[in-house]
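Colleague: In case you want the letters, here they are:
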Amino acid sequence: MAALKKFLLRWEAVLVLVLLLVNVFNTMSSPYYLSVTGLLDATRDFMDKSFIVFPMAMIILMGEIDISVGAAIALSSVIMGVAYNAGNGIPMVAAILLALLVGTICGLINGLLLTRFKELSPMIVTLSTMTIYRGIAYIILKDQAAGKFPSWFQEFGWGTVGPVPYVLIVFAILAVIFTIVLNKTKLGRRIYAIGSNRTASIFSGIKVDQIRILAYTLAGFMSGLTAIFLTSRMSSTRPNIGYMYELDIISMVVLGGISTSGGKGRLAGALISIFVIGYLKYGLGLNNISSQILMIVIGLLLIISVLTPNLVARFKRWSTVRKSHRQSMRST
Amino acid sequence: MKLTGIQKQKHGAIGAREIGMILFILLLSLLIQLRNSQYLTAENLNDLLVNAAIMGTLAVGMMMVIITGGIDLSIGATLALSGMSAALYVRGNETASPVLAVLIGIGIGLLAGLINGLLVGYGEVLPLIATLGMMNVYRGLTYIIANGAWVSAHQMNDGFKALAFNRFLGINSLVWVAILTFAIGAFFLGWTRIGRMIYAVGSNPEAARVTGVNVPAIRTLVYAIMGTITGLSGVLWVSKYASAQGDTAIGYEMNVIAACVLGGVSISGGSGKVFGVILGTVLLGILKNALPLLKISPFWQDALYGLIILFAILMNTIFKRMVDKNNLQRRHI
Chain A
1 MAALKKFLLR WEAVLVLVLL LVNVFNTMSS PYYLSVTGLL DATRDFMDKS FIVFPMAMII
61 LMGEIDISVG AAIALSSVIM GVAYNAGNGI PMVAAILLAL LVGTICGLIN GLLLTRFKEL
121 SPMIVTLSTM TIYRGIAYII LKDQAAGKFP SWFQEFGWGT VGPVPYVLIV FAILAVIFTI
181 VLNKTKLGRR IYAIGSNRTA SIFSGIKVDQ IRILAYTLAG FMSGLTAIFL TSRMSSTRPN
241 IGYMYELDII SMVVLGGIST SGGKGRLAGA LISIFVIGYL KYGLGLNNIS SQILMIVIGL
301 LLIISVLTPN LVARFKRWST VRKSHRQSMR ST
Chain B
333 MKLTGIQKQK HGAIGAREIG MILFILLLSL LIQLRNSQYL TAENLNDLLV NAAIMGTLAV
393 GMMMVIITGG IDLSIGATLA LSGMSAALYV RGNETASPVL AVLIGIGIGL LAGLINGLLV
453 GYGEVLPLIA TLGMMNVYRG LTYIIANGAW VSAHQMNDGF KALAFNRFLG INSLVWVAIL
513 TFAIGAFFLG WTRIGRMIYA VGSNPEAARV TGVNVPAIRT LVYAIMGTIT GLSGVLWVSK
573 YASAQGDTAI GYEMNVIAAC VLGGVSISGG SGKVFGVILG TVLLGILKNA LPLLKISPFW
633 QDALYGLIIL FAILMNTIFK RMVDKNNLQR RHI
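From first to last, the protein sequence lines stand for chains A and B.
Going by this note's numbering, the first sequence wraps up at 332, each residue one higher than the last.
Going by this note's numbering, the second sequence wraps up at 665, each residue one higher than the last.
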């Protein structure tokens, strides 16, 4: 256990080092990079989607996955936009609450489907709900955009307290809450237990289904929250909003050292990797590197972060086998 | 020996599920025909088959991947990358050989599939994560090699464009490719050692390993086959639409997965039949073909596909639960 803890600590240390390297690289390659306001401003680009990192970390810790979050963002955002703009639309405050509600329902549906049909893998269920949610967004808005929001709505995406954007403050509050929940509460320990051994968890009386529904519903709720901030920043919405966000979010969690097989990893790592990926993208953007190369970088980052620990484990297995083989040779 | 329900389902060429699907397809066709008499014309049926052919070809590869318990989300991007590579070779080159274009596409597809396979088989990366990551890589590469540009019809020579329009015995070449893939796939999965190993890896990897199956190699193989088929399909796609773009076939993996799931390929691995996949492909092809005939907005298509997949997997689960329950009850007596 001590060795494991040491390794995890080391992984987070590696991430901090990577974050520093990214910043040094960016500072050297662009004179516009290093400034407090610039760095704080840049967080806007990735803070909204990082809300979903928290429930996604819970889901991946349980050994599951949710790839419908990008589509849930789109559906919440589109319904919010249309509800406000339609004929005699509803007030903006109601539209915002509606976005949260839609997101929550999207997540709840995933949770209910997965707990009622336990044989099904989360991957295929959320893959189909992903298509359905974004499909409904397309049915509602076709290839149109919905905008014309009241001017105060922009504050969500663009407002600041001093130099600090609102999104960053919301993120910090969520980070504190979720860190406490995952590390200090029964719920948090139970999530780890479910991820390391589901059958044992069921037999020790953990209400696995309830916790799974909760995690997926939270993912939906956070998608709704992301939709509000993202739509505010974009000032309009389209059915393709938040496309492929799930990739970024899963990458952030997995790069953070949370194992896709469940039960291992800590939220702190995921939180650092949000900034690693975010600032990497920002720096590459400042250097006029195309978004296609960004796509490739994120894809490779995701794979390397999963592949490395696997290869290390493989190497360790191989070397222990060799060592014991050698010892047995010597003793005979 | 009398076969129990589940054995029948696994070994019979045509089970209750397939008969049910055939009846459903006939019923659906009847309903569509009643609403629009344009449906059952030779021309429309030919269109339907040609349009469904590429999906069917891809579905055979996807089926093998799913049987091993995996998934390949990168095929839309691989299709675009191999199609674009072939198109770039053909672009503005009057003497470009269509055969070489096909080989380029297949080569690129094989390479992409092999990378996926090595990641999943030997790197032990979850198939979802590996192919989601590589999807981005391949899609990004497609934009980069084309410099963000399109290759359009007037830049392609007639020989290349004819690839997808040639007819042999009155049947379009795309349909021939699909038929051949179905036949080879059925033979490979049903009657060869490696084919049976693919099922073994999917139903119980640990047992397969103990019996001497090289599990990582089989996993790598299915992704490589998937990539090869995707590469071929990419060239045919570009030839058919006479256009290669960065966003070619974006999200197309969903259609292919839908065809498999609808055809009764179990997403948890270990079971699935080529005949089921054919029916799944035809059913999706009919739906796609019928939407405009029934004057339903094309924007409904994605949501409908998603609902159909969800419905199919839920029905599969419920059906399987009933069979299991039945078998248990029989054992008590």
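If you are wondering where the hints come from, they were derived from the structure by calculation, not from laboratory data.
Backbone N, C-alpha and C fix where the C-beta goes; we use that ideal spot for every residue, glycine too.
Possibly wrong hints are sitting among the right ones.
[What the hints assert, rightly or not] Label pairs and their in silico Cβ distance ranges:
(1) A/Asn287 / B/Ala481: 18 to 24 Å
(2) B/Gln661 / A/Thr199: 21 to 27 Å
(3) A/Val170 / B/Leu360: 45 to 51 Å
(4) A/Glu155 / B/Ser361: 51 to 57 Å
(5) B/Asn383 / A/Leu286: 43 to 49 Å
(6) B/Asn658 / A/Leu311: 53 to 59 Å
(7) B/Ile650 / A/Lys186: 50 to 56 Å
(8) B/Leu626 / A/Val176: 52 to 58 Å
(9) B/Leu626 / A/Asn197: 48 to 54 Å
(10) B/Ala549 / A/Leu97: 20 to 26 Å
(11) B/Asn498 / A/Leu286: 21 to 27 Å
(12) A/Val170 / B/Asp379: 37 to 43 Å
(13) B/Leu625 / A/Val16: 58 to 64 Å
(14) B/Ala549 / A/Gly89: 44 to 50 Å
[Claimed, not checked] Partial selection, computed: residues in chain B whose CB lies under 10 Å from chain A:
(15) Ile403
(16) Gly455
(17) Ala462
(18) Tyr475
(19) Phe497
(20) Asn621
(21) Leu625
(22) Leu626
(23) Asn658
(24) Asn659
Colleague: Give a verdict on every hint.
Modeller: Against the structure, the hints:
Checking the proposed 18 to 24 Å range against A/Asn287 and B/Ala481 shows it holds: the Cβ atoms sit about 23 Å from each other. A hinted range of 21 to 27 Å for the beta carbons of B/Gln661 and A/Thr199 is consistent with their spacing of about 25 Å. Look at A/Val170 against B/Leu360: about 49 Å separates their beta carbons, and that is inside 45 to 51 Å. Between A/Glu155 and B/Ser361 the beta carbons are some 55 Å apart, a value that agrees with the proposed interval 51 to 57 Å.
For the pair B/Asn383 and A/Leu286, the beta carbons lie near 45 Å from each other, so the given range of 43 to 49 Å is met. Take B/Asn658 and A/Leu311: their Cβ atoms lie about 46 Å apart, and the range 53 to 59 Å is violated. Distance hint for B/Ile650 and A/Lys186: a CB-CB separation of about 35 Å, inconsistent with the stated range 50 to 56 Å. Look at B/Leu626 against A/Val176: about 53 Å separates their beta carbons, and that is inside 52 to 58 Å.
Distance hint check: the CB atoms of B/Leu626 and A/Asn197 are about 51 Å apart, consistent with the given range 48 to 54 Å. Taking 20 to 26 Å as the suggested C-beta distance range, the pair B/Ala549 and A/Leu97 does not conform, at roughly 54 Å. Between B/Asn498 and A/Leu286 the beta carbon distance is about 51 Å. The supplied range of 21 to 27 Å is therefore violated. Roughly 52 Å separates the CB atoms of A/Val170 and B/Asp379, a value that falls outside the hinted 37 to 43 Å.
Range check, B/Leu625 to A/Val16: Cβ separation about 59 Å, and the 58 to 64 Å hint holds. As the Cβ distance of B/Ala549 to A/Gly89 is approximately 59 Å, the hint placing it in 44 to 50 Å is violated. Hint status for B/Ile403 relative to chain A: holds, with the closest Cβ pair at about 7 Å, below 10 Å. Annotation: B/Gly455 was flagged as interfacial toward chain A, and the flag holds, the nearest CB pair being 5 Å apart, inside 10 Å.
For B/Ala462, the suggested interface contact is upheld, since its CB lies about 6 Å from the closest CB of chain A, less than 10 Å. This hint holds: B/Tyr475 has a C-beta 4 Å from the nearest C-beta of chain A, less than the 10 Å allowed. Because the closest C-beta pair between B/Phe497 and chain A is about 30 Å apart, greater than 10 Å, the hint is violated. For B/Asn621, the interface hint is violated, since its Cβ never comes within 10 Å of a Cβ in chain A; the closest pair sits about 18 Å apart.
Annotation: B/Leu625 was flagged as interfacial toward chain A, and the flag is violated, the nearest CB pair being 19 Å apart, outside 10 Å. Annotation: interface hint on B/Leu626 violated; nearest CB of chain A at approximately 15 Å, more than 10 Å. The closest approach between the C-beta of B/Asn658 and any C-beta of chain A is roughly 16 Å, which is over the 10 Å cut-off, so the hint fails. Annotation: B/Asn659 was flagged as interfacial toward chain A, and the flag is violated, the nearest CB pair being 16 Å apart, outside 10 Å.
The structure fails to meet hints 6, 7, 10, 11, 12, 14, 19, 20, 21, 22, 23, 24 from the earlier list, while all remaining hints are met.
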